[in-house]
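Peer 1: Note that the protein sequences, when read in sequence, are chains V and B. Heads up, my numbering is the position in the first sequence plus 1, with the first residue counted as 1. Heads up, my numbering is the position in the second sequence plus 3, with the first residue counted as 1.
Hints are all accurate, no fakes.
So these bits of chain B aren't anywhere near chain V, every CB distance computed over 12 Å:
id: 1; residue: L6
id: 2; residue: K10
id: 3; residue: D23
id: 4; residue: R29
id: 5; residue: R55
id: 6; residue: E188
id: 7; residue: W190
id: 8; residue: S219
id: 9; residue: L240
id: 10; residue: E259
id: 11; residue: L262
id: 12; residue: E266
Below, simulated DSS-like cross-link-like pairs (lysine-lysine); rule was C-alpha separation at most 27 Å, straight line:
id: 13; chain 1: B; residue 1: K63; chain 2: B; residue 2: K152
id: 14; chain 1: B; residue 1: K234; chain 2: V; residue 2: K87
id: 15; chain 1: B; residue 1: K234; chain 2: B; residue 2: K63
id: 16; chain 1: B; residue 1: K152; chain 2: B; residue 2: K234
id: 17; chain 1: V; residue 1: K71; chain 2: B; residue 2: K152
id: 18; chain 1: B; residue 1: K152; chain 2: B; residue 2: K90
id: 19; chain 1: B; residue 1: K139; chain 2: B; residue 2: K105
id: 20; chain 1: B; residue 1: K139; chain 2: V; residue 2: K42
id: 21; chain 1: B; residue 1: K139; chain 2: V; residue 2: K87
id: 22; chain 1: B; residue 1: K152; chain 2: V; residue 2: K87
id: 23; chain 1: V; residue 1: K71; chain 2: B; residue 2: K63
id: 24; chain 1: B; residue 1: K90; chain 2: B; residue 2: K10
id: 25; chain 1: B; residue 1: K139; chain 2: B; residue 2: K152
Here's a subset of chain B near chain V, in silico, CB distances under 8 Å, partners left out:
id: 26; residue: A68
id: 27; residue: A136
id: 28; residue: F159
id: 29; residue: R169
If you are wondering where the hints come from, they were derived from the structure by calculation, not from laboratory data. Positions of the beta carbon are idealized from the N, C-alpha and C atoms, including for glycine.
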Amino acid sequence: MIWEVFRQDEPGGYHTHCGNVHAPDREMALLFAEIQHARRKPTNSLWVVPQKEIASQTDETDRFGGTTDKTYRWVSAYNVDVEFAKEIEDSDREQRSVAGDSA
Amino acid sequence: MELQECKARAGPREFGPHDDLPREYREAATRMIQFHANSEIMGAYLERPFIRQSPSLDRKLAFSAKVQDEIGHGQLLYRAAESLGVKTREEMLDELANGEGKFLNCFHYPMTEWWETPMIAFFVDGAAMRRQATIKRTSWEPYAHAMDKICFEEGFHIKHGEHIMRELATGSRREQQLLQEAFEEWWPRILQFFGPTDDESTHHDFAAEVGLKTMSNDELRQAFLNAYLPKATEYGLEIPDEPRIREEDGRYVVEEDDLDWEEFWAVANNDYAGSHEQIDARASAHDAVAWVRATISGETA
Ligand SMILES: [Fe+2]
Ligand SMILES: [Fe+2]
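So that you can see chain V by itself, here it is in the shape it has in the complex:
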């Protein structure tokens, strides 16, 4: 049985997918996940999930967010100043940094 492994570097962070392991049960899956993925890299927490329990979808079959022009929902569509508030500047920067993939 295959288990997908999610590792969190430090407290408060996100669990991100880092690979998978063969194991007969949960306990063994955690043990193998620890040995393979958490022994060297700093790790705060690990999750293992049976691979067959994961549903997936990819952008080959579905265009996430649709195919029509949706520039109106990005910061780049509005030419107003953001420098007056740091939190808006941050959001603006975060959106611009991914806009290449999604806009």
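Add chain B with the ligands to chain V, keeping to what the hints say.
Peer 2: Leaving out everything else, chain B with the ligands in the frame of chain V:
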């Protein structure tokens, strides 16, 4: 975990569902996140009519995207609240429908005209963003994670709101006049967005001690005022005489006693005329699509 240990450990993103937290922490965090979630939902319902009322296709698309985002924020936050193990999402949604659920003061007032929209979409979203940025450092990790996504999305809301405001402020005389009137009506409510003054705030001390909140209501109000008052004047809006605003060491300070706190508390307790109107409108919209929920869950309506 004992309350004392909880206070000692409190820090950004310190606690999660795996921690055995004291009842007091779970209840305080539930109250705070449920309030936030309810507010996202009620705000979305307040803006929903403007998908129809928008004067152009661009605005219509932007409003529909924004309303969709806000409902999503509500859903995200109900999950963060639910993970505290005090209330289920179902219970929180029921409380919102039956008038027990509390939500932000600004969403208790009707908003019917297009020229009012920047009051929510720029000023209230801006105020919310100011508070939300500080909640990225809250001690309840699922709440902080919800903030990461919400703050990412909000930039568009506020810029869109400002864009509408600029259009009106540089429009016809009549548009400028209507914008000014809307501003005068909403400005005191916007300043009350951050809640009661620190000496009247019943939950603040505990929430700060356990790391749920990192800034007090008054600190947030002043920070907001100093960023947003100049924006209002930049667009030619005149700041009303009341509440009085004075300058102290180059910072604006609002005379909090000039604000109508009686009305604020009526609103906070869902006892204002507008409260019932907003709650009932949302409850009936929710009922109207009961068949959708029943179909999804496989029940027969
Ligand atoms: Fe929101
Ligand atoms: Fe928003």
